[in-house]
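**Student:** Sequence:
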Amino acid sequence: MNLVCAQLLFAATLWTLPCTTAAETASSAAEVLHLMSEVSLEAGLRNSSAARAILDYHNRVRSQVFPPAANMEYMHLFTSLSFVRCRMRDWAAQCKWDHGPSHDLRHIEQNLSIISGRHRSIIDLVRSWYDERHYFSYPNRCSGSVCTHYTQVVTIFLKCLLNSCHTGDMTAV
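All the letters of the sequence shown, read from the start, carry residue numbers -22 to -1, 1 to 151 under mature numbering (1 follows the signal peptide of the UniProt record, and there is no 0).
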């Protein structure tokens, strides 16, 4: 793909602590959202259905963990802590491909994702994190390659921030 035409999707997804059980709330099927070049990226990424699609995907794959969890909590979008949201937005606005400053975002784990190409699903941003399950072996930590992104997928709270960055001849979102 020509770099001038490349469209990169970038997501910083942050996780925190537990709340409700899966039995209390049923997960809906993951909505596959395609963000095409004709769609305003900024409007599309602020769309709550994008965050909902990511949340639903996480809950679906979390229900498939092995060994099964004794009490798998249902993951929720974390909507409070406006300070954290402001710090996340400030960090993302700098368009740095790096985790946010630990002194401002301590106690919050961060997963980053980037994909290229057109007509990609918002779910493609997080699928690679779940694929790390092959390197996780309970009760041990990672057995081989990296699995820390996966361990964040199976936690409980989700905070999504998607940002559009224009650098040179590429667009990162």
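Keep in mind the hints are simulated off the structure, nothing from the lab. Here the structure is a predicted model, which is why all the values come from computation and not from measurement. Watch out, some of these pointers could steer you wrong.
What the hints assert, rightly or not - Taking CB as the label site, the calculated pair distances span:
no.	residue 1	residue 2	range
1	Pro46	Ser80	27 to 35 Å
2	Phe44	Lys74	21 to 29 Å
3	Glu87	Ser121	39 to 47 Å
4	Arg119	His77	16 to 24 Å
5	Gln72	Tyr113	13 to 21 Å
Stated by the list, open to error - In silico SDA-like links for lysine to any residue, alpha-carbon gap of 20 Å or less:
no.	residue 1	residue 2
6	Lys137	Ser27
7	Lys137	Phe114
8	Lys137	Ala28
Where is the CB? At the ideal position from N, CA and C, for every residue including glycine.
**Student:** Tell me if the beta carbons of Glu87 and Ser121 are separated by a distance inside 39 to 47 Å.
**Tutor:** violated, 20 Å
**Student:** Hey, Lys137 versus Ala28, does the alpha-carbon distance stay inside 20 Å?
**Tutor:** holds, 12 Å
**Student:** With a cut-off of 20 Å on the C-alpha distance, tell me whether Lys137 and Phe114 pass.
**Tutor:** Between Lys137 and Phe114 the Cα gap is close to 23 Å, so the pair fails against 20 Å, i.e. violated.
**Student:** Given a hinted range of 21 to 29 Å, is it respected by the beta-carbon distance of Phe44 and Lys74?
**Tutor:** violated, 36 Å
**Student:** Given the hint of 27 to 35 Å, is the C-beta distance from Pro46 to Ser80 inside that range or not?
**Tutor:** holds, 33 Å
**Student:** Is 13 to 21 Å respected by the C-beta to C-beta distance linking Gln72 and Tyr113?
**Tutor:** Roughly 31 Å apart at Cβ, these two residues miss the hinted range, so it is violated.
**Student:** Tell me if the beta carbons of Arg119 and His77 are separated by a distance inside 16 to 24 Å.
**Tutor:** Since the Cβ atoms of Arg119 and His77 sit about 19 Å apart, the hinted range of 16 to 24 Å holds.
**Student:** CA of Lys137 to CA of Ser27, is that 20 Å or under?
**Tutor:** holds, 14 Å
Of the hints listed earlier, those the structure fails to meet are numbers 2, 3, 5 and 7, in rising order.
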